[in-house]
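Protein chains in written order, with our numbering: chain A, 1 to 451; chain B, 1 to 451.
Derived from the structure by calculation, the hints contain no laboratory data.
One should not assume that every hint holds.
One copy or any two copies: either way a pair holds, since identical chains are not told apart in the list.
Restricting the straight-line Cα-Cα distance to at most 25 Å, the calculated cross-link-like pairs of lysine to any residue (SDA-like) are [unchecked claim]:
#1 Lys-347 x Tyr-4
#2 Lys-347 x Gln-48
#3 Lys-51 x Gly-346
#4 Lys-109 x Thr-137
#5 Lys-164 x Leu-193
#6 Lys-196 x Phe-449
#7 Lys-31 x Asn-240
#8 Lys-15 x Leu-63
There are 2 protein chains.
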Amino acid sequence: MNRYQFEIIRNSVEKMLDQGAQKRVLTILEKLHEADIAMLIEYFLPRQKKKLFNLLYLNNVTLSSKVVSELDSEMAIELLKGMSVDHISKILQEMSTDDAAELVSTFPKELQEKIIETMRAKDSRDIQDLLQYPEDTAGRIMSPELLALDENISVTMAIKTIQKKKDVETVFYLYVVNDYGHLLGVISLRQLLLAKPKTLLKNVMNTDVISVTPVTDQEEVARLVERYNLIAIPVTTEENKLLGVVTVDDIIDIIREEATEDFLKLAGVGEEDISDRSVIKNVMGRAPWLFAAWIGGILGAYIISTFEHLLQTIIILAAFIPVIAGMGGNVGTQAATLVVRGIALGKVNVERFWRVVSREVAIASALGILYGLSLGLAAHFLYGQPIEIGILIGVSLVISIIIAAAVGSMVPLILHRFHIDPAIATGPFVTTAIDVMGIFIYLMLGSTFLL
Amino acid sequence: MNRYQFEIIRNSVEKMLDQGAQKRVLTILEKLHEADIAMLIEYFLPRQKKKLFNLLYLNNVTLSSKVVSELDSEMAIELLKGMSVDHISKILQEMSTDDAAELVSTFPKELQEKIIETMRAKDSRDIQDLLQYPEDTAGRIMSPELLALDENISVTMAIKTIQKKKDVETVFYLYVVNDYGHLLGVISLRQLLLAKPKTLLKNVMNTDVISVTPVTDQEEVARLVERYNLIAIPVTTEENKLLGVVTVDDIIDIIREEATEDFLKLAGVGEEDISDRSVIKNVMGRAPWLFAAWIGGILGAYIISTFEHLLQTIIILAAFIPVIAGMGGNVGTQAATLVVRGIALGKVNVERFWRVVSREVAIASALGILYGLSLGLAAHFLYGQPIEIGILIGVSLVISIIIAAAVGSMVPLILHRFHIDPAIATGPFVTTAIDVMGIFIYLMLGSTFLL
Numbered sequence: 001m002n003r004y005q006f007e008i009i010r011n012s013v014e015k016m017l018d019q020g021a022q023k024r025v026l027t028i029l030e031k032l033h034e035a036d037i038a039m040l041i042e043y044f045l046p047r048q049k050k051k052l053f054n055l056l057y058l059n060n061v062t063l064s065s066k067v068v069s070e071l072d073s074e075m076a077i078e079l080l081k082g083m084s085v086d087h088i089s090k091i092l093q094e095m096s097t098d099d100a101a102e103l104v105s106t107f108p109k110e111l112q113e114k115i116i117e118t119m120r121a122k123d124s125r126d127i128q129d130l131l132q133y134p135e136d137t138a139g140r141i142m143s144p145e146l147l148a149l150d151e152n153i154s155v156t157m158a159i160k161t162i163q164k165k166k167d168v169e170t171v172f173y174l175y176v177v178n179d180y181g182h183l184l185g186v187i188s189l190r191q192l193l194l195a196k197p198k199t200l201l202k203n204v205m206n207t208d209v210i211s212v213t214p215v216t217d218q219e220e221v222a223r224l225v226e227r228y229n230l231i232a233i234p235v236t237t238e239e240n241k242l243l244g245v246v247t248v249d250d251i252i253d254i255i256r257e258e259a260t261e262d263f264l265k266l267a268g269v270g271e272e273d274i275s276d277r278s279v280i281k282n283v284m285g286r287a288p289w290l291f292a293a294w295i296g297g298i299l300g301a302y303i304i305s306t307f308e309h310l311l312q313t314i315i316i317l318a319a320f321i322p323v324i325a326g327m328g329g330n331v332g333t334q335a336a337t338l339v340v341r342g343i344a345l346g347k348v349n350v351e352r353f354w355r356v357v358s359r360e361v362a363i364a365s366a367l368g369i370l371y372g373l374s375l376g377l378a379a380h381f382l383y384g385q386p387i388e389i390g391i392l393i394g395v396s397l398v399i400s401i402i403i404a405a406a407v408g409s410m411v412p413l414i415l416h417r418f419h420i421d422p423a424i425a426t427g428p429f430v431t432t433a434i435d436v437m438g439i440f441i442y443l444m445l446g447s448t449f450l451l
Numbered sequence: 001m002n003r004y005q006f007e008i009i010r011n012s013v014e015k016m017l018d019q020g021a022q023k024r025v026l027t028i029l030e031k032l033h034e035a036d037i038a039m040l041i042e043y044f045l046p047r048q049k050k051k052l053f054n055l056l057y058l059n060n061v062t063l064s065s066k067v068v069s070e071l072d073s074e075m076a077i078e079l080l081k082g083m084s085v086d087h088i089s090k091i092l093q094e095m096s097t098d099d100a101a102e103l104v105s106t107f108p109k110e111l112q113e114k115i116i117e118t119m120r121a122k123d124s125r126d127i128q129d130l131l132q133y134p135e136d137t138a139g140r141i142m143s144p145e146l147l148a149l150d151e152n153i154s155v156t157m158a159i160k161t162i163q164k165k166k167d168v169e170t171v172f173y174l175y176v177v178n179d180y181g182h183l184l185g186v187i188s189l190r191q192l193l194l195a196k197p198k199t200l201l202k203n204v205m206n207t208d209v210i211s212v213t214p215v216t217d218q219e220e221v222a223r224l225v226e227r228y229n230l231i232a233i234p235v236t237t238e239e240n241k242l243l244g245v246v247t248v249d250d251i252i253d254i255i256r257e258e259a260t261e262d263f264l265k266l267a268g269v270g271e272e273d274i275s276d277r278s279v280i281k282n283v284m285g286r287a288p289w290l291f292a293a294w295i296g297g298i299l300g301a302y303i304i305s306t307f308e309h310l311l312q313t314i315i316i317l318a319a320f321i322p323v324i325a326g327m328g329g330n331v332g333t334q335a336a337t338l339v340v341r342g343i344a345l346g347k348v349n350v351e352r353f354w355r356v357v358s359r360e361v362a363i364a365s366a367l368g369i370l371y372g373l374s375l376g377l378a379a380h381f382l383y384g385q386p387i388e389i390g391i392l393i394g395v396s397l398v399i400s401i402i403i404a405a406a407v408g409s410m411v412p413l414i415l416h417r418f419h420i421d422p423a424i425a426t427g428p429f430v431t432t433a434i435d436v437m438g439i440f441i442y443l444m445l446g447s448t449f450l451l
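My request is simple: use the sequences and hints to build the entire structure.
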């Protein structure tokens, strides 16, 4: 469905809903892909969202739970909020285990327990199994529904088994296990088709299986899937017992999510979302990040005010405070961003600490000299300032840029070393610190050499 | 292979290379996955990279071309650079068509032609077919190697055909076409296994196929694959003739790439890469972005200097210039980033222009009042400034924050409307403009009300 078609459908569904033509709306919805219904809901106004979803739920539970799987979790919670525990359980038990677990985990503890109690025993057990693992790990996103067959089964038997197991949603690989459920190998459906019917699975399988444990970080899982071009990756215990499988569609979601998270941190917006969150929630999400800039500003103002005598003597120095602070901040952000992204892509690591930092400092030195010189010249010629003021401005810029690059590249590496998310370093905290440092160096040098 | 194993292998390979134990190195390499060899090369020092790659190429062309497919294109070019046209062609023709085309497209025109001339006719034709499409489109990343079968073939026949076609690398779906090569439907291997042997493909296939044209933007392709949880998406002409298929591993690369690009633009680093580019190239990549900040700084200095009289009278006002400029810049970046990311994720569009902008302005108003008030109070109580200076500082901050949010959210939407990459808006250009505006408003208000 392209954007044009989507807009037409959106408009007609909106009108029909307003006119109360529920049957016709339902007929349209049932012809759409669940992902398109989810998008429809996301584009609707809040009151219409609920109306549309309730209509769907009351007439087609299966489809409504498919739609919930496709929604942003925040939106899904929004829609489920007012519903009874019974209804929520019904929707959840039709979802795939990993999606259901993800959703349940976002509910308040009390509600979680009630929902799990109300669900079918098998489903609730599966969900609880997943919830025992920490957030953002493979265990949380794996699906326990997979095809695992014994190593001593023949290819023909394997095909027969696949034909029977219709409930396993996406099967591209077949996992081969021994009597103890230990993972021995993997076979793609394609290979199964190519193999001779009577061969045993153990003689067809690839034994070089890339797997993760349930506590592997989801970013690491994504990196492996990406590096080895996998469609799915098995999850096993330390003892190699097969627990589940993480599929590539979940990986794509993780990559998007992690990129968005890093992106928002860089902008100093916290973990916010573009979706229709209330203005108040948005304000609360962004305020703490601005607080860093605010504190930095107060501190900067304090520093500047202690150099009042200097500024009163040479008032023009005040005019160059913003550019010295600002360019330092920019260079610091550049360095921090490259290092953070490098860490995220697995290309930068702590072992290369000095190599990374010295490279950033070298680059910054060149940039600093380039812009320091031109700023000094600009101050001298454009503003007719005496040469020593031009030199002061130029030198201050060089120093603050170099410090900025050193701090900007070191902080994320250090955070990463101590298992703290390095993306914090790109946010306003570090930039502000760099700003303040730049101001201090500038005024310090000024009062030392010009007074 | 985990990081620990990787480090061990890296160290031993490095040592062996230095000792000239090439045979042993080769034995190790041939046991590794091509992606691991690629990573090994990326982690090596420049002179060792070439040594390792040449060793591989001279002894195992197939493996060396697999490795090239896994390398960053910049790194791949670096390695291929010094080689003869003959050698490059040999490597390229062993690669998958889309990877080879991507690489060829980065060579200078003259070299491109020479390489294509030297290659086997079929390969060079396939590559030229792909290169006729614009950059960053589906046509460039599709693989022409796919399984397309006639609608009137039986399931048994289809399975036999699959068994014969061993060269098609990743087969999870089978595409069904008519006599004219028009795409009619798709069947997963799984469905093929479940179907009765004598059924005709046209009676098993799903006719609801999501496809793209060769000129569809790759970001749009990625969004479709993501939304509908696909493993591959077929590419057809406007007339529905099947041309190729884009697989999910390419999609993952695109998502990573696009995120990195946006990320680097946000940090004002251009299209740089973390890889071992020379310091000079890095400086040249970053310098233009800093130029925006530099020009802004010069402009800011000019504005400030025109208010010299005001500052000389009330010197403390100078102390608050950085915080007013800085916080405005921060809020502008927050707004711009959210809008840019929203556009990238397909959640924000131009039709919602006023809704998006007014939302950002509402949020900024709340943030502005919060921080404006506290900054004003801080100036009054912490610095003992008269109440009117506190009011001036507070009000200026409120206004500059609101303008920042309006500009920050409008610019990316406008850029997007005119098909310019909105991510530019998050870079230093807009931030700097906002900074300068903030300074001007502050000093303007000051000289109007306090002099």
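How the hints compare with the structure:
Taking the shortest alpha-carbon separations for Lys-347 and Tyr-4, only the inter-copy value of 15 Å comes in at or below 25 Å, while the best intra-copy value is 41 Å. In this assembly of identical chains, Lys-347 and Gln-48 lie within 25 Å of each other by CA distance solely across copies; the values are 17 Å between and 46 Å within a copy. Taking identical chains as interchangeable, the C-alpha atoms of Lys-51 and Gly-346 lie at most 25 Å apart only when they sit on different chains, with a minimum of 23 Å there against 45 Å within one chain. Within a single copy, Lys-109 and Thr-137 get their C-alpha atoms as close as 20 Å, which meets the 25 Å cut-off; across copies the closest is 47 Å, which misses it.
For a Cα distance limit of 25 Å, the shortest separation of Lys-164 from Leu-193 qualifies both inside one copy, at 17 Å, and across copies, at 10 Å. Taking CA atoms no more than 25 Å apart as the test, Lys-196 paired with Phe-449 passes in neither setting, with 86 Å inside one copy and 90 Å between copies. In this assembly of identical chains, the alpha carbons of Lys-31 and Asn-240 lie at most 25 Å apart only when taken from different copies (22 Å versus 43 Å within one copy). Only within a single protomer do Lys-15 and Leu-63 lie at most 25 Å apart by alpha-carbon distance; the minimum there is 22 Å, versus 59 Å between protomers.
Going through the hint list in order, the structure does not satisfy hint 6, though it satisfies all others.
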